[in-house]
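**Student:** Residue strings, one per chain:
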Amino acid sequence: MNAVAEETKLDADARAAVTIGRSADELRALWLRSDTQSRIWSHFADVTPLDDRVAEWVAQGPAGGEYRWRTELANSGPNELRWSSLDGADVANAGTLVFRPAPGDRGTELHLDVRFDPPGGAIGQAVSKMFHIVPKEIVGKALYKFRALAITGEIPTTDPQPAARNGGTDR
Amino acid sequence: MRALCWNGVNDLRVETVADPEILNPKDVILKVRFTTTCGSDLHLIDGLIPTMREGDVLGHEFMGEIVDVGREVTKVKKGDRVVVPSFIACGQCWYCQHDLYSLCDTSHPKPELQEPILGYPTAGIYAYSHAFGGYAGSHAEYVRVPFADTDCFLVPDGVDDEAALFISDAAPTGFMGADFCNIQPGDVIAVWGCGGVGLMAQQGAMILGAERVIAIDQYPERLAKAESFGAIPLDFTKLDVVDALKEMTGGRGPDACIDAVGMEAAGTGVQHAYDRVKQALYMETDRGTALREAMLAVRKGGTLSILGVYGLMDKVPLGLLMNKGVTVRTAQQHGQRYVPRLLEHTQRGELTPAALATHRFSLEESPKGYHMFKHKEDGCLRAVFAP
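Protein sequences appear in the order of chains H and G.
Numbers 1 to 171, taken from my numbering, label the letters of the first sequence in order.
Numbers 1 to 387, taken from my numbering, label the letters of the second sequence in order.
Chain H extracted, bound-state conformation:
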């Protein structure tokens, strides 16, 4: 595999982990609550639950484009959740969330892995160029928000009142 293809392949695989001082059962139940998914993925996509297992995702591209897909939750063991996109997805993807006990009294480790399969395969368009956000940030921020929700019941935000004016850019 050439270097570009290798880079694209790595780019398509997004992983992150967090530790949360709660039991796996409690965290699993919170993850599956109907409003949780739309709250923790909001930096990446609008997620609308259609029923207990199927959700509609709409992600924004950098130039105003939209990507749509539906995911379905698979049957999986007690220590993990698995989901994958259904046929007809603009960007096929599959995700796994594994719950592991953390050492000592630290609660539960959550390991999230989302693999994107952009049109064109491994040598196709890099995921970070399709969306307005890099894959690592997609999953890392979702887990950060999930941890905040699990611990405090809220997700930190400055929207819609950021310190800066609308349209302000980093300097």
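I should point out that these hints are in silico values taken from the structure, not numbers from a laboratory.
Backbone N, C-alpha and C define an ideal beta-carbon position, used for all residues, glycine too.
Careful, some of the hints might be misleading.
Here are a few chain G residues that face chain H, going by a calculated C-beta distance under 8 Å [as the list claims (entries may be wrong)]:
#1 P25
#2 H108
#3 P111
#4 Q114
#5 E115
#6 G119
#7 G134
#8 P146
Please arrange chain G on chain H, whose structure you already have, making use of the hints.
**Tutor:** Chain G alone, transformed into the frame defined by chain H:
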């Protein structure tokens, strides 16, 4: 409302901006009574910290009155007079439960901006760039305070507004720096910097039982203030600090050295010129004169307590620390841990934070206040704004 906004390097303007609102159920809105300048704001104003955005409302050290409360706020209420630490902490995560509040795991709205730089995101902070959360600051008529039950502390009778103001940041930061030194009977503590944080570190060291506190600076009015607090003043422009400290400690060196200066350290000599050139060329944001001196001066097996704000300084002489067996302690302020006892020390007159306020301005005059503070005009130690 009116607020002091950052518009670019050295471009501060008082503008009309949207009033803050309750966004999360544990938020309150504070009507700001007093808010003050901090040396670390100068890094933002000078453009040394990236991820500032035009229109950012400055200010992270403040106190005021609660005027609106979120539906899940239970411990504080409308009308309460409170002081708020500058780092936002949830009080419930592992770090908060271990009194490491500035490392809170849940209060940062933009962790993706900070994680690549630090490895892990810290707590969010008011008005300290978007990499530190992008929260609007307190140089305004109103400010939104998240996690109010954890972060708002009732100001007791006997502590006036101006004293309470500095228990938001200068006092807990300085006191924490002294606490890091694990002060034992007979200990001599040297503090680089007689700004707000340095002076509070000096008073903190005295409260914690230091035998002697030595205060290092170059400005006569600041050294005089340190002396009035009971410290021994040392003007680094008039003598060799390391030699002087050896002489003053019978050749042992200070048991602990506190750096309350940070990346903007003034200095003398070749090393300072080298640091300044690199900073000017953006090769590095930090000048480390005070830190290097402290590393050299501290006794063998002593403690180096770093409170000064640093960026990503390279060329730190680690061999000094390793070969001398120095313990390094450092953090952004874990204010929520210290505020209750600092309010008590202030009530009893052991801590005098109000003495930091040398100049007072309305919010409309705040750019002038920053100018005076930055250039230390008229002996300005801290400029206080009353919105």
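**Student:** Each of the hints needs a verdict: does it hold here or not?
**Tutor:** Okay, the hints, checked on the actual structure:
no. : hint : in the structure
1   : P25  : holds, 6 Å
2   : H108 : holds, 6 Å
3   : P111 : holds, 5 Å
4   : Q114 : violated, 11 Å
5   : E115 : holds, 7 Å
6   : G119 : violated, 12 Å
7   : G134 : holds, 5 Å
8   : P146 : holds, 7 Å
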